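Participant: Spelled out from the first residue to the last, the chains are:
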Amino acid sequence: MSAADGSIRANSGPPRLADLLLRAATGCLGAGMVVLPAPELPARAWALLPAGLLLVAASLAGPSAPWRAVGTLAAAAAVIEAALGQPGLPVLAAEGLLILGYLLLADAPRAMAAATAVRWLGQQLPAVAWGTLATALVLVVLAVPVPVSAWLLVAGAGAAVAATIAALPHRPGQPRKPP
Amino acid sequence: MTQAPSPVSGLPGPPGPLAVTPGRAPGPAPRPTAVPGQVPASWQAAPRLRRLGALAVAVVLAAVLTRHADLLLLGAPALAGLAAARRGTRPPALAAGATAAPSRCFEGEDVEIVATVAAPLDEVRFRVEPAPAVTVVEGPVTQVAVAGQPATARWVLRPHAWGRHQLCTVAARCTDGMSQATVTLRPGLVEVFPHPPPARVTLLPADLLRRIGEHTAAVPGAGIEFFGIRGYQPGDRLRDLNWAVTSRLRQPHVNQRAALRAADLVIMVDAFSDVGPPGDTTVDVAVRGAAGLATAYLRTGDRVGVVVLGGVLKWLAPAPGNRQFFRIVEMAFGVRFPSEAIPDLDRVPRTALPPRALVVLFSPLLDRRALRAVTDLRQRGVSLVIVDVLQHEPPAQPRLPMSELAVRLWRLDRSALRSSLTSLGVPVLSWDSGTGLEGTQAPLRGRRIRAVR
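Residue numbers (our numbering), protein chains in the order written: chain A, 68 to 246; chain B, -8 to 444.
Think of the hints as simulated: they come from the structure by calculation, not from any bench. Every value quoted in this text rests on a predicted model; they were computed, and no experiment measured them. From the three backbone atoms N, C-alpha and C, an ideal C-beta is built for every residue, glycine too. Since no wrong hints were added, every one of them can be taken at face value.
Partial selection, computed: residues in chain B whose CB lies under 7 Å from chain A:
hint: 1; residue: A36
hint: 2; residue: G44
hint: 3; residue: A45
hint: 4; residue: A54
hint: 5; residue: T57
hint: 6; residue: A60
hint: 7; residue: D61
hint: 8; residue: L62
hint: 9; residue: L73
hint: 10; residue: A75
hint: 11; residue: R116
hint: 12; residue: M169
All chains, full assembly: derive it from the sequences and hints.
Facilitator: Right under this line is the structure:
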């Protein structure tokens, strides 16, 4: 019986060029964020490099590609690499921007037309601009020699929590009943 | 052979005079537009929010654990991206909808599905989920629209199973800022008519009706076929004189012609058992066969009726005309009604099951209630033909040695059943739905079906 069992014929063709390019760019950014802190890694932590690359590859293709947690794990592997290797500030700044770019592109919808992909990339530009600005600001702050302060860490944690709470959706309130 | 326009959709449909040209202005069909309605939306955090938030937490944890404040540089871009993102409007209901056009078509014809979300959102991902026995023939399964574009997606689906059903559901994942909601859009029901396979009017009862028709009867009349020779009687036309016989016997003799009479066909559909893959089940095949026979007999001016043997006994009295075809298939839409009830054919009125009608029963011969109906029909004295529509054997499990034996026994049982029916004078034909009904009817060509009590 031919195609009479709820099959999907139109989607079985080759992926679109825009989709391929987006995936390639995502792979490059992901590989960069994993490889960049690798030279500073201690010998016993080198296993993180292939693990991170595998996670990046798995987030782009294969059966695990639809699982969004895979991309988050790849970014977490890069953060652990940076924490263990403790590279310099420029490397950390570049690593942060690479992680942001990778996470943004990994969230791109599949099978977009070229015009739609261009529009979608345009929508991501504000996030990239704000990320670059924030990186520059933090880089300047960290470049100034100040003693290590627990208050700074607490402020960073508070900023992260505040940003998450501000962006979290809230249930719409129930309208008040008339008295 | 060119295909005539379908009577229901304007697209190429089944051949034959049944295909009536729709009274629509020529030209391309207007594109369907989805009329958006208010669909309730449940908003959640977008995956990007979770990702960036998780990254920020991981960075802060790493900075705290390693006492290395420089690591905050890793999370700064993500936090800035989070802070810069809009929260989104998050309306409690979205103006969205999906339409299917045309709303009536034949199997194998194309139906256009259009889904629309008429709300200002950052991104809408449409994904179509076709129903069983429906194929997506045009348009990617997942379509994306971003802000600034019309949030509309279009697919062309092709149903392969008749019935009144929903061809697909469309899941629209709407993202606005850092919020996301998924709404399910359901296009309207589409009436898919069975595509009638090619069939011929070769099955005829031995006793035809007294109504004038196109079938040669076994009585003299004003037809075309030669019937016999008899002596001249006053009133006979001179053009009917058989000069050869007259000159040999020296008495005037005339040719007699056979009468042309109509027939009544009653199609019975056994809906007790419905086995097989979606779109090709025994009920699907039976209704297709019924549509093919009805088309062929209605084309010759005969009257066609239908009786559905199922949980709810339904019937349609024989009637001529193109409209009867659509009455029959519309009634067939409701045959899938699982029940344990045993139909009582005595409830079928005499007008719906005339005594001299030819009854063609489409059945997989799996349910005993259908065989009981065959007995009832024989007692009523109707001319009966059974068309076996079972095409798939029960699969044998290769690991179980007794399974193959069971299948062989099942085959023998069916063979014995068919033989017993044939020995009772009820012809049993096998029909594979991949072919037309003509080949199936071939063994009974030129033979009149007699009623056997």
